[in-house]
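Protein chains in written order, with my numbering: chain A, 1 to 172; chain B, 1001 to 1323.
To be clear, the hints were calculated from the coordinates, so they are not data collected in a lab. From a predicted model like this one, the values you see are computed outputs, not experimental measurements. Treat the hints with care, since some could be wrong.
Said to hold, decoys possible - Below, computed lysine-lysine pairings styled on DSSO-like, alpha-carbon distance capped at 27 Å:
no.: 1; chain 1: A; residue 1: Lys125; chain 2: A; residue 2: Lys101
no.: 2; chain 1: A; residue 1: Lys113; chain 2: B; residue 2: Lys1150
no.: 3; chain 1: A; residue 1: Lys101; chain 2: B; residue 2: Lys1126
no.: 4; chain 1: A; residue 1: Lys133; chain 2: B; residue 2: Lys1150
To be verified - If you want the footprint, here are the derived chain A segments under chain B, 3+ residues with CB under 8 Å:
no.: 5; stretch: 7-14
no.: 6; stretch: 31-37
Claimed, not checked - Pairwise CB distance ranges (calculated):
no.: 7; chain 1: B; residue 1: Ile1184; chain 2: A; residue 2: Leu69; range: 43 to 51 Å
no.: 8; chain 1: A; residue 1: Leu26; chain 2: B; residue 2: Ile1184; range: 17 to 25 Å
no.: 9; chain 1: B; residue 1: Ile1311; chain 2: A; residue 2: Leu69; range: 33 to 41 Å
no.: 10; chain 1: A; residue 1: Thr105; chain 2: B; residue 2: Asn1279; range: 45 to 53 Å
no.: 11; chain 1: A; residue 1: Pro79; chain 2: B; residue 2: Ala1291; range: 14 to 22 Å
no.: 12; chain 1: B; residue 1: Leu1314; chain 2: A; residue 2: Pro79; range: 50 to 58 Å
no.: 13; chain 1: A; residue 1: Ser74; chain 2: B; residue 2: Pro1296; range: 32 to 40 Å
no.: 14; chain 1: B; residue 1: Pro1301; chain 2: A; residue 2: Leu69; range: 52 to 60 Å
no.: 15; chain 1: B; residue 1: Trp1072; chain 2: A; residue 2: Gln71; range: 55 to 63 Å
no.: 16; chain 1: B; residue 1: Asn1128; chain 2: A; residue 2: Pro32; range: 27 to 35 Å
no.: 17; chain 1: A; residue 1: Asp109; chain 2: B; residue 2: Ala1092; range: 21 to 29 Å
no.: 18; chain 1: B; residue 1: Arg1104; chain 2: A; residue 2: Pro79; range: 27 to 35 Å
no.: 19; chain 1: B; residue 1: Ser1077; chain 2: A; residue 2: Leu69; range: 36 to 44 Å
The beta carbon of each residue, even a glycine, is placed where N, CA and C say it ideally should be.
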Amino acid sequence: MKPKPQRSLHRLRYTLAGFLLSLFLLGLVAAPTPKHEIFPYFCWFLFAQTPGTEDNFELLITAYDGQVLEQPQSFMGSPLVFNPGAESSTNAHRIIEALGKAVITTNPDAIQKHRSMIEGNYFTKPVSYQIKKKGIRSRPISPHWKGGYLCNSDFPLRSTARTELLIWSRLS
Amino acid sequence: MVTTFLNRLYRWLGKPTARTPDWSALTRQNARCQMLVRAFYAFLTFKIMFEQDLWLSFMGRDSMEPLWPVWWMGSGSPSDLHVQLILYANLAAAILVLILPQFRALRIFCFLAFLQYVAFRNSFGKINHWGHLLLFTSFLFIFLPSGWHKLKPTRNAKAATSMIIGSCIAVILVTYTMSGLGKIIVGVMQASQGQPNSFSPDSLARHIADRMLETNQDSAFGDIIVNMPLLGWPMMMATIYFQLASVFVIFRPELHRFWGAIHLLFHAGVYLTMTISFNNSVFMLSLFLLASPFAPDSTCPFGTLTRLPLIGRLFLKIFPTTS
């Protein structure tokens, strides 16, 4: 037996209201998760956190395919980066940020994970690079450099945690 | 009881006092809704075909951490066959549903194929949100009633179609409200810890400086605001208001076009200061808000101001004759 038209409209109304409510509630629930998302429910807290004086990282390419570059190239905008347009620059930046934080906190698993994401998805040949720390000066507001770390991807990715940490050397 | 609660909630959010539109208005509204559905699928197809030049790079990707819809692909380096399966299925689904949107099975196929595509694209570290609104809309279109596409649908089919399009508008506006809510929640948390926060006069300048650090790029107006942070403060406050109050606009069709235009200006501003483009959001705003089937054909500008959420009453005092 077919449902009465009015009843089916009511059912549709509640289904849609439920979906919208889930979008809001699951979005809020997802906010404290590491990716702020229980896919595809996202919290949409975009630009919610105002940047303070915390560290910011940049990847500078120093050598590529065995050739040392005359001038280090920034990852963003470098022609050596393989198809950076495939995903947004924000995505790549977040991986670089996560790598920088992993180096600072000497977290070998996270270093390996984010290195392989960068080297596997954005470069087609062996690469050497530095992760440099940057920050925002408060008065007046301006970007400035804070030193950094070196990485050479010629070292095997599947190294032990101890070896992995030796790859990184602090820059002055 | 639930109905009473919902009715009270609708009234609080600003539900129009007018009853269901008359027959001719409903017919006109429905014709516009039908066009929106087809325009949406046309855009989805355009989007997928436009990205075909990225397909080769998708096959060369590595270190996959699959999201749940693509768990079957496994982690590590995805197989070319699996990637091709997702890409071709998505393309086929988009073209088929564009030709024959009246078939629910094709709309379901389109949603599932696009879900796989979005999940695959976001399985390499961080999640990007270019496809979420399109995904939710393609999900809602599954519920379009049978006969929605006809020249003379039944009254119930028209009502159901309107509800679906209304929900698409709601999805867009709810995401903006959540974005505004996030700025307030996190802003209050940062303020309570004595940190710079969303309400600080230099908040927008900080976001712009941070973005400049991130991309090593200058923007058209970024430098101006970084050098004169106070200029950005009213913009930041207006952004918080317009984002937070978006949920009220779901039930105020006379504000749909105005709100869509304001958010388009917001996205243009974000690009000019931070070089971030929200192309899909711009399309969704243009389609569902600026071309809203529920917006009245003509509105008095001052009357529109009196319907503004939270601050409309102020304008009502300034222009009492426009209510």
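Now for the hints, and whether the structure bears them out:
1. Using a Cα cut-off of 27 Å, the hinted pair Lys125 (chain A) and Lys101 (chain A) holds, with the two alpha carbons roughly 25 Å apart.
2. As the CA atoms of Lys113 (chain A) and Lys1150 (chain B) are separated by approximately 53 Å, the hinted pair breaks the 27 Å bound.
3. With a C-alpha separation of about 15 Å, the suggested pairing of Lys101 (chain A) with Lys1126 (chain B) holds against the 27 Å cut-off.
4. For the given pair, Lys133 (chain A) sits about 61 Å from Lys1150 (chain B) by alpha-carbon distance, which is inconsistent with the 27 Å threshold.
5. For a cut-off of 8 Å, the count of residues in the stretch 7-14 of chain A with a CB near a CB of chain B stands at 4, and the three-residue condition holds.
6. For the stretch 31-37 of chain A, the stated coverage by chain B holds: 3 residues have a C-beta nearer than 8 Å to a C-beta of that chain, and at least 3 were required.
7. Checking the proposed 43 to 51 Å range against Ile1184 (chain B) and Leu69 (chain A) shows it holds: the Cβ atoms sit about 45 Å from each other.
8. In this structure the supplied range 17 to 25 Å holds for Leu26 (chain A) paired with Ile1184 (chain B), their Cβ-Cβ distance being about 19 Å.
9. Between Ile1311 (chain B) and Leu69 (chain A) the C-beta distance comes to about 55 Å, which lies outside the given range of 33 to 41 Å.
10. Range check, Thr105 (chain A) to Asn1279 (chain B): about 36 Å between beta-carbon atoms, so the 45 to 53 Å window is missed.
11. Range check, Pro79 (chain A) to Ala1291 (chain B): Cβ separation about 40 Å, and the 14 to 22 Å hint is violated.
12. A C-beta distance of roughly 54 Å is found between Leu1314 (chain B) and Pro79 (chain A), which places it inside the suggested range of 50 to 58 Å.
13. Between Ser74 (chain A) and Pro1296 (chain B) the Cβ separation comes to about 51 Å, which falls outside the hinted range of 32 to 40 Å.
14. A C-beta distance of roughly 58 Å is found between Pro1301 (chain B) and Leu69 (chain A), which places it inside the suggested range of 52 to 60 Å.
15. One distance hint, 55 to 63 Å for the beta-carbon pair Trp1072 (chain B) and Gln71 (chain A), is violated here, with the actual separation near 45 Å.
16. Checking the proposed 27 to 35 Å range against Asn1128 (chain B) and Pro32 (chain A) shows it is violated: the Cβ atoms sit about 20 Å from each other.
17. Roughly 40 Å separates the CB atoms of Asp109 (chain A) and Ala1092 (chain B), a value that falls outside the hinted 21 to 29 Å.
18. Checked against the hint of 27 to 35 Å, the C-beta distance between Arg1104 (chain B) and Pro79 (chain A) comes to roughly 47 Å, which is inconsistent with it.
19. Look at Ser1077 (chain B) against Leu69 (chain A): about 28 Å separates their beta carbons, and that is not inside 36 to 44 Å.
In this structure, the hints that do not hold are numbers 2, 4, 9, 10, 11, 13, 15, 16, 17, 18, 19, in rising order.
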